[in-house]
Amino acid sequence: MYRKLTREERTILNRFFGKWDLFDYFQHKNLLVKEGKVREIFMMTGDAKKLALNKDPYLAGIKLCELRKHISLSLEGAYMFAKNTNKKKIVVTDQAEALVLYGRDIFGQSIINHTNDFGENEIVLITNRYGDAIGIGRTRYHADKIQKRRVTVTNIADRGWYLREEANFEM
Amino acid sequence: MKTVTFSSTKESKELAKQYAYSEWIVNRFLRYIPDVYKFLKSMDKRPQQYIRVNSLKISKMELKTRLTERGFELEDTIVEDVFIVKKAPHSIGATPEYLLGYYYIQDLSSCISVVAMDPKNDETNLDMCAAPGGKTTYIAQKMNNTGLLVAMEASKRRMNSIVFNLNRCGVMNTCVYNMDALMAPKLGLKYDKILLDAPCTCEGVIQKDIGRKTSRTPEDIEFCSTEQTKLVDTAVNLIKPGGSLVYATCSFAPEENELVVDHVLQKYDAEIIPIPYGSEGLTQFGDLKFDPQAKNTRRFYPHIHSTLGFYVAKIKIK
Chain A
1 MYRKLTREER TILNRFFGKW DLFDYFQHKN LLVKEGKVRE IFMMTGDAKK LALNKDPYLA
61 GIKLCELRKH ISLSLEGAYM FAKNTNKKKI VVTDQAEALV LYGRDIFGQS IINHTNDFGE
121 NEIVLITNRY GDAIGIGRTR YHADKIQKRR VTVTNIADRG WYLREEANFE M
Chain B
1 MKTVTFSSTK ESKELAKQYA YSEWIVNRFL RYIPDVYKFL KSMDKRPQQY IRVNSLKISK
61 MELKTRLTER GFELEDTIVE DVFIVKKAPH SIGATPEYLL GYYYIQDLSS CISVVAMDPK
121 NDETNLDMCA APGGKTTYIA QKMNNTGLLV AMEASKRRMN SIVFNLNRCG VMNTCVYNMD
181 ALMAPKLGLK YDKILLDAPC TCEGVIQKDI GRKTSRTPED IEFCSTEQTK LVDTAVNLIK
241 PGGSLVYATC SFAPEENELV VDHVLQKYDA EIIPIPYGSE GLTQFGDLKF DPQAKNTRRF
301 YPHIHSTLGF YVAKIKIK
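Residue numbers (our numbering), protein chains in the order written: chain A, 1 to 171; chain B, 1 to 318.
Worth flagging that the hints you see were computed from the coordinates, not collected in a lab. Only a predicted model underlies this, so the values are computations on that prediction, with no experimental measurement involved. Just to be clear, a hint being listed does not mean it is correct.
Cβ-to-Cβ under 10 Å is the rule here; a few derived chain A residues that face chain B [unchecked claim]:
(1) G18
(2) Y25
(3) D47
(4) A48
(5) A52
(6) K55
(7) S72
(8) S74
(9) L101
(10) Y130
(11) I156
(12) R159
(13) L163
(14) E165
(15) E166
Note that CB positions come from ideal geometry on N, CA and C, so glycine has one too.
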């Protein structure tokens with residue numbers, strides 16, 4: 001069941017977007033909540049939103065994130081964030097890109113660039129050298145204390161999921 | 001409508017044995033497929049692989065550069081968004097670019113049905129039998145992620161695949177419904193353009209599934225043809241005046257193709273819009289005679305067009 005965001009949900013999301021410098025980007029986007037085991041936020045065109053509110057679809061638009069105790073970004077949400085913000089990002093080598101897509105964690109030496117705005121135990125976007133978000137990670141160290149020979153970012157979600165899941169689908 | 005069959009001949013017996021088909025199928029192929037010996041040989045080869053660039057996320061040039069760096073060799077095709085994969089150092093479905101939704105592995109003929117549909121920005125369009133979402137994502141791409149695209153899929157088990165592909169490809173203008181397309185009027189919408197890639201006997205994908213050489217019966221064609229006629233009737237009644245329907249199948253059977261289109265031409269004020277690809281549609285088969293406009297529909301054969309077997313008709317509803 002898709003529905004409009006409540007005022008409280010809108011406030012929580014705005015705060016979250018603001019933390020990523022994306023308040024303006026998302027201000028006029030069409031977002032709906034899909035009620036289920038968890039509340040999921042979907043982004044879609046205005047026409048799709050109108051229909052989704054009127055005739056409940058199986059899917060409308062793209063899943064941006066989940067509203068739990070904390071907000072957890074979806075892979076597509078992370079992709080969109082990475083294209084539009086310069087906050088909390090790490091850029092990994094080509095070799096590490098392949099490993100991340102196999103679900104592996106990231107060593108400090110695999111990071112070729114990063115923003116300086118994250119602390120320990122924070123969510124970061126894992127991108128390749130083109131700036132594409134290939135995953136979402138959790139930092140183990142502050143940005144200025146990255147350890148070359150240690151796992152520095154834990155892989156929380158990566159786009160290799162698509163390949164791992166695809167095998168279970170009936171196409 | 002009974003499926004057209006022919007009496008057994010020495011040639012049909014020998015070819016059926018040589019290429020391991022049910023004889024009734026080969027006997028039919030002999031009557032309407034050009035250069036049938038070459039055709040039967042080509043059906044035993046692996047199909048050519050194509051990828052379609054998802055321009056919602058990346059430009060054609062950039063994708064080509066990236067995949068070339070990874071050792072793939074790509075060449076242009078007659079469809080602007082589609083590359084033929086000439087050389088692949090590993091599976092084309094296992095690159096970061098694939099996982100990022102930068103391309104879709106999709107046969108050229110399947111893309112042509114969307115090119116024929118010609119979706120535009122801000123339209124309201126319908127994809128009636130949508131899973132796994134290859135054509136849906138291409139329609140959304142052609143609409144530049146604007147307007148409204150409604151996608152329907154009857155099979156619950158196939159919903160995961162369409163959700164997966166729509167998300168991966170960044171499609172935002174689509175509402176997906178797990179419903180039989182015959183129930184489409186329930187949504188109360190009228191559409192500018194409709195794509196009906198109808199469920200069929202899938203003779204055209206024998207290259208991917210050789211079991212289909214013997215697993216189908218004339219009754220299957222009859223059943224599919226009846227269902228396709230119901231679907232096409234539903235589609236025509238959902239189109240806005242002046243709108244169009246693209247009807248497609250991955251079958252060679254004239255009863256699933258030209259006969260269904262002939263039904264539309266007889267029943268409604270409609271005309272076939274020629275498509276600049278493929279071979280002409282049939283105007284007769286056995287005792288069946290079709291509207292002369294059926295020749296403006298298009299057939300795709302593996303041995304002529306290097307695609308899977310496919311049929312496309314663009315029908316304008318006046």
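Results for each hint:
The beta carbon of A:G18 comes no nearer than 22 Å to any beta carbon in chain B, farther than 10 Å, and the hint placing it at the interface is violated. Taking 10 Å as the C-beta cut-off, the interface hint given for A:Y25 is violated, the closest approach to chain B being about 14 Å. Against a cut-off of 10 Å between C-beta atoms, the interface hint on A:D47 holds, since the closest Cβ of chain B lies about 4 Å away. Checking A:A48 against chain B: minimum C-beta separation of about 5 Å stays under 10 Å; hint holds.
A cut of 10 Å between beta carbons decides the hint on A:A52: the least distance to chain B is about 6 Å, and the hint holds. Among the interface hints, the one on A:K55 holds; its C-beta lies about 5 Å from the nearest C-beta in chain B, closer than the 10 Å criterion. Against a cut-off of 10 Å between C-beta atoms, the interface hint on A:S72 is violated, since the closest Cβ of chain B lies about 15 Å away. About 8 Å separates the beta-carbon of A:S74 from the nearest beta-carbon of chain B, less than 10 Å, and the hint is met.
The restraint placing A:L101 at the interface with chain B holds, with a minimum CB-CB distance near 6 Å, inside the 10 Å limit. For A:Y130, the shortest C-beta to C-beta distance to chain B is roughly 8 Å, which falls under 10 Å, so the interface hint holds. The criterion of a C-beta within 10 Å of any C-beta in chain B is not met by A:I156, whose closest approach is roughly 16 Å, and the hint is violated. Of the supplied interface hints, the one on A:R159 holds, with its beta-carbon coming within about 4 Å of a beta-carbon of chain B, less than 10 Å.
For A:L163, the interface hint holds, the least distance from its beta-carbon to any beta-carbon of chain B being 6 Å, beneath 10 Å. For A:E165, the interface hint holds, the least distance from its beta-carbon to any beta-carbon of chain B being 6 Å, beneath 10 Å. Below 10 Å, beta-carbon pairs count as interface contacts, and A:E166 has one with chain B at about 7 Å; its hint therefore holds.
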